[in-house]
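Novice: Read off the chains here:
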Amino acid sequence: GESVGLHLPTLSVQEGDNSIINCAYSNSASDYFIWYKQESGKGPQFIIDIRSNMDKRQGQRVTVLLNKTVKHLSLQIAATQPGDSAVYFCAESNYGGSQGNLIFGKGTKLSVKP
Amino acid sequence: DAGITQSPRHKVTETGTPVTLRCHQTENHRYMYWYRQDPGHGLRLIHYSYGVKDTDKGEVSDGYSVSRSKTEDFLLTLESATSSQTSVYFCAISVGAGETQYFGPGTRLLVL
Chain A
1 GESVGLHLPT LSVQEGDNSI INCAYSNSAS DYFIWYKQES GKGPQFIIDI RSNMDKRQGQ
61 RVTVLLNKTV KHLSLQIAAT QPGDSAVYFC AESNYGGSQG NLIFGKGTKL SVKP
Chain B
1 DAGITQSPRH KVTETGTPVT LRCHQTENHR YMYWYRQDPG HGLRLIHYSY GVKDTDKGEV
61 SDGYSVSRSK TEDFLLTLES ATSSQTSVYF CAISVGAGET QYFGPGTRLL VL
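These protein sequence lines map, in sequence, to chains A and B. Residues 1 to 114 in this note's numbering are what the first sequence spells out, letter by letter. Residues 1 to 112 in this note's numbering are what the second sequence spells out, letter by letter.
Extracted from the complex, chain A is given alone in its bound form (with noise of 0.2 angstroms):
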């Protein structure tokens, strides 16, 4: 079958480069951020989250930045590696909604050259 990653914008970079991930978000008033990885086959797995009232978080190797003023979110991976070839998708919540369902977005795909 198709790939979903076909698709979709592709970020390809250097083994131990640092490597950006962008994604520009819909709503003004969603509160809560997710980054999410997929590697083929598998389902999305849960990276890094911020909250609206945070610009910077964080994690092992993975940084998150939220930039409310122009609705614009990152994903900043240090010293990539082949394992971290993957699509990557943000998602945004508005915590106080009305259904707070999360909304995807399509997706970049990473690859990483040895």
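Since the hints were made in silico from the structure, they are not lab data.
In silico SDA-like cross-links for lysine to any residue, where the CA-CA straight-line distance does not exceed 20 angstroms:
#1 K57/B <-> S69/B
#2 K42/A <-> G3/B
#3 K56/A <-> T100/B
#4 K57/B <-> N94/A
Based on these hints, arrange chain B on the given structure of chain A.
Specialist: Okay, now just chain B, sitting in the frame of chain A:
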């Protein structure tokens, strides 16, 4: 995928036949979701549940029904499968509305 299983993992069926997909969780989370994922569309919400016997429609609910008789199980039924329902189906769970959703491994469905 810890705590969430989906069955079957792969299924091939014919147009017009009924199909039921099962999601089972061991996390005791209140919310459960069914998504489909197709190239060019990303994840689209089919139905979700906010408790036993409490369900609601998502973005692409036509042709699908769900049931939740126990906290741990959420069933997705295609009453009469069509080729447009060929997709990868993911179940997800969350503690509450708007919170982080954790996904199962997916079911790949092919309708011939």
